[in-house]
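Heads up: the sequence lines are chains C and X, in that order. At position 207 of the first sequence the residue is numbered 207 (the working numbering), and the sequence of numbers has no breaks. Basically the working numbering = 1-based index in the second sequence + 774.
What the hints contain is simulated information worked out from the structure, not anything from laboratory work. Treat each hint with caution, since some may be false.
As the list claims (entries may be wrong) - Listed below are several chain X residues computed to face chain C (Cβ distance under 8 Å; list not exhaustive):
#1 Ser796
#2 Glu814
#3 Gly815
#4 Thr818
#5 Ala823
#6 Ala855
#7 Leu860
#8 Phe867
#9 Gln874
#10 Cys875
#11 Thr879
#12 Pro880
#13 Cys912
#14 Tyr915
#15 Asn917
As the list claims (entries may be wrong) - Take a look, some chain C residues computed to stay more than 10 Å from chain X by CB distance:
#16 Ala97
#17 Asp197
#18 Asp206
#19 Glu210
#20 Arg211
#21 Thr426
#22 Gly429
#23 Gly484
#24 Ala583
As the structure is a computational prediction, the values presented were derived from the model and not from experiment. All C-beta atoms, glycine included, are put in the ideal place defined by N, C-alpha and C.
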Amino acid sequence: MGRPPSPFGTMIKYEPKALHVIGGKPTDRPDAIDKVTGRARYAADINLPGQLFGKVLRSPHAHANILSIDVSAAEKLPGVKAVVTRDDFPDMEVEYAASGELMINFKDVTRNMMAREKVLYDGHPVAAVAATSEAIAKKALKLIKVEYEVLPHVINVVEAMQPGAPVLHDDMFTRGVEPKPEKPSNVALRMTSKLGDVEAGFKKADVIIEREYNTAATHQGYIEPHASVAHYTDGGVAEVWTATQGHFVFRAQIAKLLKMDISKVKVTPCELGGGFGGKNNVYLEPLAVKLSQKSRRPVKMVMTRDEVFRASGPTSGTNVKVKMGATKDGKITAAFAEMNYQAGAFAGSSLGLAAITVFTRYDLENVLVVGHDVVCNRPKVAAYRAPGAPMIAFGVEGVVDELAEALKIDPIEFRLRNAAKEGTQTHFGPKLARIGYIETLERAKQLDHLKIPLGPNQGRGVATGFWFTLGMETSATININEDGTASVIFGTVDVTGGMRSAFSMIVAEELGITADKVRAIPSDTSVLGFNFMTAGSRGTTAGSMAVVKATRNAIARMCEIAARKWGVDQDQVVFENGHCRPAGSNVGDFEPLSVPALAKEASYYGGTIAGHAEINVVNQGPGFGTHVVDVEVDRQTGAVKVLRYSIVQDAGKAVFPDFVKGQWHGAAAQGIGMALNEEYLYNDKGQMINAGFLDYRIPVASDLPYLHAEIVEVPNPNHPYGVRGVGEVPIIPPIAAIANAIYDATGVRVYEQPFSPPRILAALDAVAPKMAAE
Amino acid sequence: MARHHVNCTINGDHVDYLCDTSQSLLDVLRDELELTGTKEGCATGDCGACSVIVDGVLVCSCLAMGAEMNGKSIETVEGMASGNELHPLQRHFIDKIALQCGICTPGLLMASRKLLERNPDPSEEEIRFWLAGNLCRCTGYNNIVDAVKAAAAEMRGA
Chain C
1 MGRPPSPFGT MIKYEPKALH VIGGKPTDRP DAIDKVTGRA RYAADINLPG
51 QLFGKVLRSP HAHANILSID VSAAEKLPGV KAVVTRDDFP DMEVEYAASG
101 ELMINFKDVT RNMMAREKVL YDGHPVAAVA ATSEAIAKKA LKLIKVEYEV
151 LPHVINVVEA MQPGAPVLHD DMFTRGVEPK PEKPSNVALR MTSKLGDVEA
201 GFKKADVIIE REYNTAATHQ GYIEPHASVA HYTDGGVAEV WTATQGHFVF
251 RAQIAKLLKM DISKVKVTPC ELGGGFGGKN NVYLEPLAVK LSQKSRRPVK
301 MVMTRDEVFR ASGPTSGTNV KVKMGATKDG KITAAFAEMN YQAGAFAGSS
351 LGLAAITVFT RYDLENVLVV GHDVVCNRPK VAAYRAPGAP MIAFGVEGVV
401 DELAEALKID PIEFRLRNAA KEGTQTHFGP KLARIGYIET LERAKQLDHL
451 KIPLGPNQGR GVATGFWFTL GMETSATINI NEDGTASVIF GTVDVTGGMR
501 SAFSMIVAEE LGITADKVRA IPSDTSVLGF NFMTAGSRGT TAGSMAVVKA
551 TRNAIARMCE IAARKWGVDQ DQVVFENGHC RPAGSNVGDF EPLSVPALAK
601 EASYYGGTIA GHAEINVVNQ GPGFGTHVVD VEVDRQTGAV KVLRYSIVQD
651 AGKAVFPDFV KGQWHGAAAQ GIGMALNEEY LYNDKGQMIN AGFLDYRIPV
701 ASDLPYLHAE IVEVPNPNHP YGVRGVGEVP IIPPIAAIAN AIYDATGVRV
751 YEQPFSPPRI LAALDAVAPK MAAE
Chain X
775 MARHHVNCTI NGDHVDYLCD TSQSLLDVLR DELELTGTKE GCATGDCGAC
825 SVIVDGVLVC SCLAMGAEMN GKSIETVEGM ASGNELHPLQ RHFIDKIALQ
875 CGICTPGLLM ASRKLLERNP DPSEEEIRFW LAGNLCRCTG YNNIVDAVKA
925 AAAEMRGA
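Same shape as in the complex, but just chain X (with noise of 0.2 Å):
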């Protein structure tokens, strides 16, 4: 099986690595790249758990190549605070209860940013909308728009 040559930036740093003609970007990220945070539901595009940003596009890391990534940006979970600083969203989500189980989180918070840099006052109703590709089974959403709204309104410094 061909193996291909990646050259890419993954949350601001360079990586590169080899995978396999058939190896999704979530297959790279978890198995190749241990960058575990980008998590598996499905592996079809319908849950979002594997949610990342793509040269500033959301997409499922299960349903991209690893093999096209080459000279891209990659943003995952794992870069989404600043050192020790939780980025709002996240510190929100803990505050709001807007995870219970956690394993659609990654994926939700990934979401949430992409909102956040489209529409940075989004409304109950297009926060529920944006985010109804990622699926949680926990919560019941309450609290994720919640958080959302909050972390949203610090951002905006309202």
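Isolated chain C, as found in the complex (with noise of 0.2 Å):
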């Protein structure tokens, strides 16, 4: 995102074939083993010798001047080598690039990383330590004197935007207004998008429903907190072992921060503990490699998960007003929204994701989208799975889902008559080429699920979710070994082991051998060209499309080297099944040659087999999914139990459907976790109070059902597989479809997530009189 798309990108149109490989299962997932024996090297696995540990020092405040820094008495404990504060990173200007799904300003990345003039969250770092052993780092950090001036703190969106709130930064004048504001605020941007005459298609509605809502802040939740081990050689090289899901734009990160050449920084990711977004930034690698230089030697540094709550993720809590009018027959007329999104300390919300999926699931004449990135004295926000769209969609649905009754129309049933197809045009741009949300919606009305009766306090709800699939930068390399097996190196991280299985499966699909002949390794920077992160759906989507461009240029190297044997034209060749043949009965009587066959040849023939791709992949097909829940509510504690939850999505094709099934499981217990848990909380003076898993309690095996998935499949028109991108639309139903169900069991709507059991109790309390009454 962020930039438009290349003129000189790649697509390969979707090529319908029969398929022996791709669609079902390898012989061999080749991450798991050593993940099931403990042999598997995450980032904090790796130990360096000589290696000293680093410490970050904290702010307490949410929100302060920094009036000084002393690190004298720290310098002198015996043990520490190396103190870092804000003096030891040039100052950089404003810059933007891409990180993930969002965007950054590489002025605000250094002031995150290390505070400079200002402390604007808790947890914000002031300072970090290298020595030789833990305690003694963390006995260094209580050794630093840091002197504040505290000031107003302001955590809340709405209160944020207010004239009156404690302004975050002097020189924040909200962008996308004219006149630009004499003030500034704590309103970075202020964005709108239209289609057609919204106030026109109200004026047509005969139902017209306007409701606002409020979602908490959560977080990735990764069980693998952030670790980096960074070691600057005397050459002036910096080498990073680093938990992250782009490796490359690390690189780059690390490079521009520290003033370095790109070509001196090396960064390899080690098997990832999780992400979802949340290692889609640095923080602790450039406070290594600095560490590192000064202490010249190797420094590991791992977080806390408390340091993991308070200064990493999360995602924007929101606050959203959603207006959406339909006629008597079921068609919507018009559609508003006002996305009030927090971006915490700095700007850069998801707001800009948000306002591309807030409606993308209708056909829709008349759309008008309003937006607000507003910081306050949060961790900066970071993407979160679909970032910016589970909160959105819990508007929009919501009120689909109160249209639809009003109108006395079955919430799937009103969908289909609204439902976004090809051809339909979005409110930010482009038309919706083939798309299968229409599939979704017909194959959920065919699940089991449905005839399940409910019981007394039980409710069932539906909702729908949009998201895209990035394309960007990437790079792959294949060589035939001597042996006529494949090694593909690729450039995403495989963030949760299906990429590795996914790409042997294409690969093995491609050259007509079996998966097990095929190895997929992960890169270092080192090895190839620059590969964009994974992100927004994109590693198994774009990372095949390099993926099939190197085999595809292996393979013409094979046709040369039968060419040469046979002494034929190169184009009189073909690669078939897994073996160059002659192109017809007038070339020669040729006996075919099998990929290991060719390998022998190779050499005679010219050299070693290897194709390469290095690309920028476009207009990737988007992915769409129908969510089913049924829920019980005890009208005694406020507790709302998932009793069985459906997800219907379109995966284009899945390359491996066990394991795409259970990113839907994983998706859907994230989002099933916000709707009913997850929230960040603060104390008055802007701290957080429950940063830890006891406190932020994620879903449990206990608390949930079996969660049922579903694949269709309507192919990418724009991957020569048509996979599309998997991983994140189904976190975006399920607040949405469980406030549906709420209001199916209890006959009281909820808007403000979490829907933990005080809420509930407030508001079946806030009803009961009038229930009562009547």
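Put the two chains together into one complex; each comes in its own frame, and the hints tell you how they fit.
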């Protein structure tokens, strides 16, 4: 996101054909054995000889000027080898870059990794220490004297937008407002996007529903805390092993922030213990490199869970207003949304993405979207799986549910009457190509789930989601080894382990060999050209485009070898079913050559067989999903229990279907956690009070029912195998689906997430006297 | 700071180590003995990623002290397979796609193994409640339940 698609970008049209490997199950999942035996190496498992341990001193204040920092006592503590503060890092100009699905600004990135003039949230780094042991590093932190001038703070997004609110940045004047405001404010950006005439649309409506929703900030909740090991060599080269979703992007950021040449930074992505967008940003890496440079020793840094909550992630908390109108026969005539999104301490929330996803399930003529990107004294938000989408879907899918109810139309039928399809004009620009939204709704109608009768205090809810599939820079290299096996080196980070299987299967399909003869190998930054990170559901989709291109280059090379051996022109050789064959009977009577046979001949006929691709992938097909949930509400305690959950989604083509379903289960579980429990809680000093897994409660096994997943396949027209991004869509509908189910169970609508027991009890109590009177 | 000399058994091997009073068993395993298969997710006993078995009892190794392991027998994920032969739980975790990123997997395997020792034929509900102390953020737990059931069936000879 953030830059227009390149006219020189790559897409490969869908090629319908019989598949032998794709869509099945790999005989061996390459990443899994080391994960079950404990031998897989995550960043925190890396240890270098002579390494020091780095720790970060963090602000206890939500908002304060830094008057002075005195590190002299810490530096004198035996065992302390380096201390860094703001003075060790160059200031950065305003300069934007893409990082995952969100844009970053280097002026802010350097201030987020190490506070300069001010601290802007509880947990903001102020200094870092490297020492011979973790205990000494911790002791040294206590010896650093920071003099603060505490300032008033603001946590809530609506309060932060008010004229009298404490201002975080004196130089922030709302962009997107003409003329430029005279006073600075916390509203970094006002955006609008429209299609048709929304006022005219509302005039045509027989029913109009307008509601306001509030959502809490939630954390990605990966179980692996951020960890990095850095080694700055005497030759001026920085080597970094880290937990990242994008090693090439991290390399560029480290180089920029430390004013190094990119060629002198090498980043190796380790096995990743969960990211979900939260490992798209540098936090520890530049600090570890600088500490290593100063101490001339390798430095290892690992966040505690408390630090993960207070200083990484989360997603935006939001305030959202949605107004939609429809005619008696169930046709939506106009849709309006105002979206106020927390960005955290620095500008750049998921607002822009929310604006794309907001109504993009529906074929609408009149749309108006207004949004505000708002800073407040919280950690800078990071991407979180379909960033910004679950919150706005809560609002839109809630209003859609209310419209359907008011018009006495079944909620799935109501969506079918308004469903986006091929050719639908979006309010943000492009027309949709072939998509599978209608197919997911039709399949959902057939679910056995819908036939199960509901008991007292039980309810059923439906909601749907849309997410795009990102393209961007993608590279891969394939080597056909001397024995005819293939090694494919890829540049996207395999965040869940499925990519290695998928790429092996795709290469096997291309080469007509079995997947166990292909080994997919994650790269470090030194072996391939620049790759964008694993974000926007692009890993397998865009990654496999580069893999396919590279493989086809290797196939061309194999055809060249066969042509040379047979003494014919290269265009007289074709590659079919894993063999080079004469293109026709007039070419000559030559025995087909298998991949291993060609590999054996390669050296004599010119050299090793390899192929590579460095492409900018564009125009990938988006994904859609429909979820159905049954809940039971305990009227005594306010607890909501999920009884049944069904996920139907268009995968385009599922390369490894069981794994695709596994991702959907996980995303739905995250969405259920958002809906029922998860939220950032603050005290009156602006300090987070639930920065641990005990008090920030993510779903455990006994909280969840069996999650049912069904794959619909409507091929992506711009991918050779029809693959669409699959990972993000299924986190979008759960909040809305559960809210709709709670209404079905209780007759009470909830407008504030999470739907925790106190909120449910309050909502039930608010209507209880009225219901009793009726 | 006092250093403690500890003799114990880890995965059947006699091990001795020196540790600080403040070091948890998890710190000792990972930092002193380089047994990094046991993972740290929270260090406060809330996530279960560091689960190990000490004298037959399932514990969070982040909540046990390294200095109190004298004479004890500790089992970690590194000792689960017999040579190249994976434990049935390990095989079924792979087969059922009960792991994605894999960071919670060692803890879940140790907890599941203890469950099956106590109850060779657990119901879905029993599995979910036994594993409620092990957080997984990738899978939604479906496939973990399936893997434990499949391993239990194989181990019972069913």
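So, going through the hints one by one against the coordinates:
1. Ser796: 7 Å, holds
2. Glu814: Holds, about 7 Å.
3. Gly815: 4 Å, holds
4. Thr818: Hint on threonine 818(X): holds, closest Cβ of chain C at ~6 Å, below 8 Å.
5. Ala823: 6 Å, holds
6. Ala855: 6 Å, holds
7. Leu860: Nearest chain C Cβ about 7 Å off; hint holds.
8. Phe867: Nearest chain C Cβ about 5 Å off; hint holds.
9. Gln874: Check passed: Cβ of glutamine 874(X) comes within 4 Å of chain C, closer than 8 Å.
10. Cys875: 5 Å, holds
11. Thr879: With a closest approach of 5 Å, the threonine 879(X) hint holds.
12. Pro880: 5 Å, holds
13. Cys912: Status holds, d = 5 Å.
14. Tyr915: Holds, about 4 Å.
15. Asn917: 6 Å, holds
16. Ala97: It holds; alanine 97(C) is separated from chain X by about 26 Å at its closest Cβ, greater than 10 Å.
17. Asp197: 43 Å, holds
18. Asp206: Since the minimum Cβ distance to chain X is about 40 Å, aspartate 206(C) lies beyond 10 Å and the statement holds.
19. Glu210: Its Cβ never comes within 10 Å of chain X, the nearest being 34 Å, so this holds.
20. Arg211: 29 Å, holds
21. Thr426: Its Cβ never comes within 10 Å of chain X, the nearest being 31 Å, so this holds.
22. Gly429: 34 Å, holds
23. Gly484: 26 Å, holds
24. Ala583: 42 Å, holds
Comparing the model with each numbered hint stated earlier shows that all of them hold.
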